[in-house]
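> As you go down the protein sequences, you meet chains A and B in turn.
The first sequence begins at 6 in this note's numbering and counts up by one.
The second sequence begins at 6 in this note's numbering and counts up by one.
It is worth saying that the hints were derived from the structure and are not from the lab.
Quick caveat: nothing in here was measured; it's all calculated off a predicted structure.
Keep in mind that the hints are not guaranteed to be accurate.
For chains that are exact copies, the list does not tell them apart, and a pair is met inside one copy or across any two.
For lysine-lysine, the following DSBU-like pairs were computed, each having C-alpha atoms within a straight-line distance of at most 30 Å [as the list claims (entries may be wrong)]: (1) LYS297 x LYS12; (2) LYS323 x LYS198; (3) LYS77 x LYS108; (4) LYS319 x LYS201; (5) LYS323 x LYS211; (6) LYS222 x LYS304; (7) LYS211 x LYS297; (8) LYS198 x LYS297; (9) LYS304 x LYS211; (10) LYS191 x LYS304; (11) LYS210 x LYS296; (12) LYS323 x LYS108; (13) LYS77 x LYS210; (14) LYS12 x LYS304; (15) LYS323 x LYS191; (16) LYS101 x LYS77; (17) LYS297 x LYS222; (18) LYS176 x LYS201; (19) LYS12 x LYS191; (20) LYS210 x LYS294; (21) LYS16 x LYS77; (22) LYS210 x LYS108; (23) LYS304 x LYS37; (24) LYS198 x LYS37; (25) LYS12 x LYS299; (26) LYS16 x LYS299; (27) LYS191 x LYS77; (28) LYS323 x LYS101.
Number of protein chains: 2
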Amino acid sequence: MFIFQAKNLEKLGTEIFRVQGMPLERAKFIAKTLIEASLTGHDSHGVYYFVRYSERIRDGSIDPLAKPRIIKETASTALIDGHWAPGQIIAMDAVKNAVEKAKMHGISAVGCFRCNHIGRVGYYTNWAAAQGVVALMFVNVGNQNVTIFNGMERAFGTNPFSAAVPTGNFKPFLIDYATSVVADGKINVARSKGEKIPTHWSRNKKGEITDDPYAIKEGGWLLPFGEHKGYCLQILMELLGAIMTGSRSGFDEEEMPPSTNGVFVIAFDPEAFVGLDAFLKRTDDLLQKVKKIKPEPGKRALIPGEPEWETREKRLKKGIPIPEDTWNQILELADVLGIEVHV
Amino acid sequence: MFIFQAKNLEKLGTEIFRVQGMPLERAKFIAKTLIEASLTGHDSHGVYYFVRYSERIRDGSIDPLAKPRIIKETASTALIDGHWAPGQIIAMDAVKNAVEKAKMHGISAVGCFRCNHIGRVGYYTNWAAAQGVVALMFVNVGNQNVTIFNGMERAFGTNPFSAAVPTGNFKPFLIDYATSVVADGKINVARSKGEKIPTHWSRNKKGEITDDPYAIKEGGWLLPFGEHKGYCLQILMELLGAIMTGSRSGFDEEEMPPSTNGVFVIAFDPEAFVGLDAFLKRTDDLLQKVKKIKPEPGKRALIPGEPEWETREKRLKKGIPIPEDTWNQILELADVLGIEVHV
């Protein structure tokens, strides 16, 4: 395990994307979102993607210069053709558009198709909440590595859901998770670290219980979280993320870039309801009360987003740990691209 | 256990509410929603409430004649003061308003406060989906009988979530569940039937594992579903259902009617995105593929809403089973109200 400072990794990421034909502002933004993911402890969506996105730029899946275009629009809705631009650029366009419309009309929704991997979904909802609106994101992943409730074969992607709500003085409130028990990135990280995984995460290709992080690569599958209740969300993400937007569903057979995301964002302004001030005050008050709930022995009462916030503060000071395997891939990539690494 | 035909129970329910001062159309509608809940197998939200709502009419919690009023409105949003009218009347007003606005402007949201128990949330989202729009409902229950993830005391109500999506020829797609492992009504039903409950549903007042359906009545609590992921939804329901609408949160100490609901509805029209025809076609196609997923031995691949649909077809033919305890309470109530029972 290596440990590097966030700002140095961000510069390296920017350089990696820039030299592959990405305009500087785009390169900076994508590197920033990946570093934010690493800072918050979501290593599965962090610097790990320096190499993955580079592969996708080289194989033509990500078009560094493509411009997302709105193809259908009303005062409170939009549908964006991402034109296979970098997913982060498309998702940020969508969220900015949704926030603007929500502030004008109380509520809005924006869908995106032909969209590459957008990274950690919480980045966008958290950004929206910082503008004073609530944001919900329903995302499908256009592949199949998760089974359904009661299922014995691959069906959907890890189909993440995210929600963020503005707070007053309280830390940001953020929900951001895969509707599988874990994101597949978490299994990539376990492989990078050479670790076994918990047995309730996945099954091998025969449907047997396994702790092998390679089983998923060898025809196995992840399980949805929370039995039938988590499964309901998994399929809702598919219906809104993919079907509502015209994106690829896990079941579609046409050839597409790997890990495409169908993205559906809803944003709304507390001003249209109880009012922003009242909302912030009561939200802070509620979250403070939740923090005081008596926990089970040895456990803590946590607010959604709190572990990420804590990890972020720690890693901003102490640096971001990177598994040797991931780091070696980054060094190899930098070498191919002729970039000198200063971290 | 007694078994009665839905239409006879619906007439009885209508009569019970009518003689207590409810206008006929309201009485009919409330009875219909409760019978629909019983038909779909949600006995916890069905005829069981004939007696509970009657208690609340008598103690003044439910005002049979009150009219919900919109106190804040834009083209795509509304906030409704329910004035403690029957919850079903308020929720249906909200959903109708949301659907109308969604059809005009692509997306809408409507919140309700001072709202009594609205019954089975899926009734409303399912109704909206039948009008060709997607509906999401975020509901809090203004009491405390569920702990949080890692928690050792009561914090929130069972805070249900519901989502319905229009389908073409496929059965209705409906998500409708408590964010606790089970709705507390399911424990009421277990008590009525004299049955033990699974040990992962609740804890007794000391925080110990229990299979006693009375433990929850004696200071125990329910658990949120799906560990931290279900807990995130539980608290999101509180923030949107209660705080966004200005409704009572579980933590509020002011005296309020029992089982109040804070209700936040979002509705949106596929026409604003991929288009309704394309949405219906791909949704049907997707759900058919899900039905063909290989299941675990002895299990079935199920669509959200399918078990309810199957139970409904069966109970429409064979009748609705009612536990003796529930039925005796209904007979007693009918006697007090001077109603002759013909079922």
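> All hints, please: hold or fail.
Hints, verified against the model:
1. When the C-alpha separation of LYS297 and LYS12 is checked against a cutoff of 30 Å, the pair qualifies neither within a copy, at 35 Å, nor between copies, at 49 Å.
2. For the homomeric pair LYS323 and LYS198, the shortest alpha-carbon distance inside one copy (20 Å) is at most 30 Å, but the shortest distance between copies (58 Å) is not.
3. With identical chains, the CA atoms of LYS77 and LYS108 are at most 30 Å apart both within one copy (19 Å) and between copies (16 Å).
4. In this assembly of identical chains, the alpha carbons of LYS319 and LYS201 lie at most 30 Å apart only when taken from the same copy (26 Å versus 47 Å across copies).
5. Taking identical chains as interchangeable, the C-alpha atoms of LYS323 and LYS211 are never at most 30 Å apart, the minima being 43 Å within one chain and 41 Å between chains.
6. In this assembly of identical chains, the alpha carbons of LYS222 and LYS304 lie at most 30 Å apart only when taken from different copies (25 Å versus 34 Å within one copy).
7. In the homo-oligomer, the alpha carbons of LYS211 and LYS297 lie at most 30 Å apart only across protomers (18 Å), although the nearest pairing inside one protomer, at 45 Å, exceeds that limit.
8. Neither within a single protomer nor between protomers do LYS198 and LYS297 lie at most 30 Å apart by alpha-carbon distance, with minima of 36 Å and 37 Å respectively.
9. Proximity of LYS304 and LYS211 under a CA criterion of 30 Å is satisfied inter-copy only: 16 Å between copies versus 36 Å inside one chain copy.
10. Taking identical chains as interchangeable, the C-alpha atoms of LYS191 and LYS304 lie at most 30 Å apart whether they share a chain (23 Å) or sit on different chains (28 Å).
11. In the homo-oligomer, the alpha carbons of LYS210 and LYS296 lie at most 30 Å apart only across protomers (20 Å), although the nearest pairing inside one protomer, at 42 Å, exceeds that limit.
12. For the homomeric pair LYS323 and LYS108, neither the shortest alpha-carbon distance inside one copy (38 Å) nor that between copies (52 Å) is at most 30 Å.
13. In this assembly of identical chains, the alpha carbons of LYS77 and LYS210 never lie at most 30 Å apart, being 42 Å within a copy and 55 Å across copies at closest.
14. Taking CA atoms no more than 30 Å apart as the test, LYS12 paired with LYS304 passes in neither setting, with 33 Å inside one copy and 51 Å between copies.
15. Taking the closest pair of Cα atoms, LYS323 and LYS191 come within 30 Å of each other only inside a single copy of the chain (22 Å); across copies the shortest separation is 49 Å, beyond that limit.
16. In the homo-oligomer, the alpha carbons of LYS101 and LYS77 lie at most 30 Å apart both inside one protomer (16 Å) and across protomers (26 Å), since each shortest distance falls under that limit.
17. For the homomeric pair LYS297 and LYS222, the shortest alpha-carbon distance between copies (23 Å) is at most 30 Å, but the shortest distance inside one copy (43 Å) is not.
18. Within a single copy, LYS176 and LYS201 get their C-alpha atoms no closer than 33 Å, and across copies no closer than 42 Å, so neither meets the 30 Å cut-off.
19. In the homo-oligomer, the alpha carbons of LYS12 and LYS191 lie at most 30 Å apart inside one protomer (24 Å), although the nearest pairing across protomers, at 53 Å, exceeds that limit.
20. For the homomeric pair LYS210 and LYS294, the shortest alpha-carbon distance between copies (20 Å) is at most 30 Å, but the shortest distance inside one copy (45 Å) is not.
21. Taking identical chains as interchangeable, the C-alpha atoms of LYS16 and LYS77 are never at most 30 Å apart, the minima being 37 Å within one chain and 48 Å between chains.
22. With identical chains, the CA atoms of LYS210 and LYS108 are never at most 30 Å apart, being 48 Å at best within one copy and 45 Å at best between copies.
23. For the homomeric pair LYS304 and LYS37, neither the shortest alpha-carbon distance inside one copy (33 Å) nor that between copies (45 Å) is at most 30 Å.
24. For a Cα distance limit of 30 Å, the shortest separation of LYS198 from LYS37 inside one copy, 24 Å, qualifies, whereas the shortest one across copies, 58 Å, does not.
25. With identical chains, the CA atoms of LYS12 and LYS299 are never at most 30 Å apart, being 38 Å at best within one copy and 48 Å at best between copies.
26. Taking the shortest Cα distances, LYS16 and LYS299 never come within 30 Å of each other, neither inside one copy (43 Å) nor across copies (47 Å).
27. Within a single copy, LYS191 and LYS77 get their C-alpha atoms no closer than 36 Å, and across copies no closer than 45 Å, so neither meets the 30 Å cut-off.
28. Taking CA atoms no more than 30 Å apart as the test, LYS323 paired with LYS101 passes in neither setting, with 32 Å inside one copy and 54 Å between copies.
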